[in-house]
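S.K.: Build out the structure end to end from the sequences listed, making use of the hints.
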Amino acid sequence: MHFEYNIEGGDFSKAGFASSQLKKVLKQLITDHKVVKRTVVALYEAEVNVVAHAYLGVVIIDIDTDKIKIQINDKGPGIEDISKAMEEGFSTASEKVREMGFGAGMGLSNIKNNSDDFKITSEVGVGTKLEIIAYLKTI
Amino acid sequence: MNIKEVVDIIGGKLICGESMINTEIERGFASDLMSDVLTLDSDNVLLITGLANLQAIRTAEMSDISCIVFARNKKITKEMMELAKENNIILIECASSVFKTAGKLYKAGIKPVF
Numbered sequence: 701m702h703f704e705y706n707i708e709g710g711d712f713s714k715a716g717f718a719s720s721q722l723k724k725v726l727k728q729l730i731t732d733h734k735v736v737k738r739t740v741v742a743l744y745e746a747e748v749n750v751v752a753h754a755y756l757g758v759v760i761i762d763i764d765t766d767k768i769k770i771q772i773n774d775k776g777p778g779i780e781d782i783s784k785a786m787e788e789g790f791s792t793a794s795e796k797v798r799e800m801g802f803g804a805g806m807g808l809s810n811i812k813n814n815s816d817d818f819k820i821t822s823e824v825g826v827g828t829k830l831e832i833i834a835y836l837k838t839i
Numbered sequence: 029m030n031i032k033e034v035v036d037i038i039g040g041k042l043i044c045g046e047s048m049i050n051t052e053i054e055r056g057f058a059s060d061l062m063s064d065v066l067t068l069d070s071d072n073v074l075l076i077t078g079l080a081n082l083q084a085i086r087t088a089e090m091s092d093i094s095c096i097v098f099a100r101n102k103k104i105t106k107e108m109m110e111l112a113k114e115n116n117i118i119l120i121e122c123a124s125s126v127f128k129t130a131g132k133l134y135k136a137g138i139k140p141v142f
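Chains D and R, in that order, are what the protein sequence lines are.
In case it helps, the numbering used here puts the first sequence at residues 701 to 839.
In case it helps, the numbering used here puts the second sequence at residues 29 to 142.
Don't read these hints as lab results, they were simulated from the structure.
The structure displayed is predicted, hence computed values, not measured ones.
One or more hints might be untrue.
[Unchecked claim] Only pairs whose alpha carbons sit at most 20 Å apart, straight line, appear in this in silico PhoX-like list of lysine-lysine:
(1) R:Lys113 with D:Lys727
(2) D:Lys767 with D:Lys812
(3) D:Lys724 with R:Lys113
(4) R:Lys113 with D:Lys796
(5) R:Lys113 with D:Lys714
(6) D:Lys812 with D:Lys829
(7) D:Lys714 with R:Lys106
(8) D:Lys727 with D:Lys737
(9) R:Lys113 with R:Lys102
[What the hints assert, rightly or not] Restraint ranges, calculated between C-beta atoms of paired labels, are given here:
(10) R:Glu114 with D:Glu799: 17 to 25 Å
(11) R:Lys139 with D:Glu788: 24 to 32 Å
(12) D:Lys829 with R:Glu52: 39 to 47 Å
(13) R:Thr67 with D:Ser713: 18 to 26 Å
(14) R:Ile49 with D:Lys784: 43 to 51 Å
Built from N, CA and C at the ideal position, the CB exists for glycine as well.
M.R.: Structure (structure tokens):
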């Protein structure tokens, strides 16, 4: 199954829309609710990151029998120092983002902790790409 | 403890989820930082927060949290209610502080997440 969703930078009212749609789909397909929760939490944090930092983004989801692959590609300022951005507590988020209940420098580590495989690449002035994979137990 | 008892203990007002009043709550967590809420992996958790916006509802949806208590007299908006209804999340308003609300529920037997 293949799904794509657009994310608009700065629009907090829609942050979580893609994760919500994915959760509805996964609940029909997967009985292990921990896998569903981990995957949607990872995507939700990633969506919030795009809304908080980028101008626009796209979420591409591919659900296969053995894995769920999610790519989140954004056009935005990019990340200068990825290892620094991965540190818990490091954040460049605005006051507005903090008022939304985020921006404490936990997003990227939350995403990593909730995925089986996590890749991040970024180019300053261009944008950031994330790849999140959740492996499914085959019966 | 069920939702009806929670509402009575904290002197709260049930805004959304009347049909789910018998839902059992085992543990509680209090935070205004949604990233912290998203790290939890317990079930049957009640969230106490002073953050009254759509992201609190979304966070509950993703974390399988069935009930949110909005403390410090924060008001639930129409948009928050709609999103909560769509996802079967119970919303309660409460005039007390987060500290007082959490204290009352802790005393009544709601366990901490950690």
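S.K.: All hints, please: hold or fail.
M.R.: Status of the hints after comparison with the structure:
Taken as a hint, the lysine 113 of chain R and lysine 727 of chain D pair is honoured in the structure, with Cα atoms around 18 Å apart against an allowance of 20 Å. For a cut-off of 20 Å, the pair hint linking lysine 767 of chain D to lysine 812 of chain D stands: about 16 Å separates their Cα positions. Proposed proximity of lysine 724 of chain D and lysine 113 of chain R is supported: the alpha carbons are some 15 Å apart, at most 20 Å. For the hint pairing lysine 113 of chain R with lysine 796 of chain D, the CA-to-CA distance comes to about 26 Å; that exceeds 20 Å, so the pair is violated.
A threshold of 20 Å between alpha carbons decides the hint, and for lysine 113 of chain R with lysine 714 of chain D the separation of about 17 Å falls inside it, so the pair holds. Between lysine 812 of chain D and lysine 829 of chain D the CA atoms are separated by roughly 14 Å; this keeps the pair inside 20 Å, and the hint holds. A C-alpha spacing of about 15 Å is found between lysine 714 of chain D and lysine 106 of chain R, which places the hinted pair at or below 20 Å, so the restraint holds. As the CA atoms of lysine 727 of chain D and lysine 737 of chain D are separated by approximately 10 Å, the hinted pair is consistent with the 20 Å bound.
For the suggested pair lysine 113 of chain R and lysine 102 of chain R, the alpha carbons sit about 19 Å apart, so the restraint of at most 20 Å is met. Taken as a hint, the range 17 to 25 Å holds for the pair glutamate 114 of chain R and glutamate 799 of chain D, whose Cβ atoms sit roughly 24 Å apart. One distance hint, 24 to 32 Å for the beta-carbon pair lysine 139 of chain R and glutamate 788 of chain D, holds here, with the actual separation near 26 Å. Look at lysine 829 of chain D against glutamate 52 of chain R: about 42 Å separates their beta carbons, and that is inside 39 to 47 Å.
Checking the proposed 18 to 26 Å range against threonine 67 of chain R and serine 713 of chain D shows it holds: the Cβ atoms sit about 24 Å from each other. A beta carbon spacing of about 48 Å between isoleucine 49 of chain R and lysine 784 of chain D agrees with the range 43 to 51 Å that was offered as a hint.
Hint violations for this structure: number 4 only, all remaining hints satisfied.
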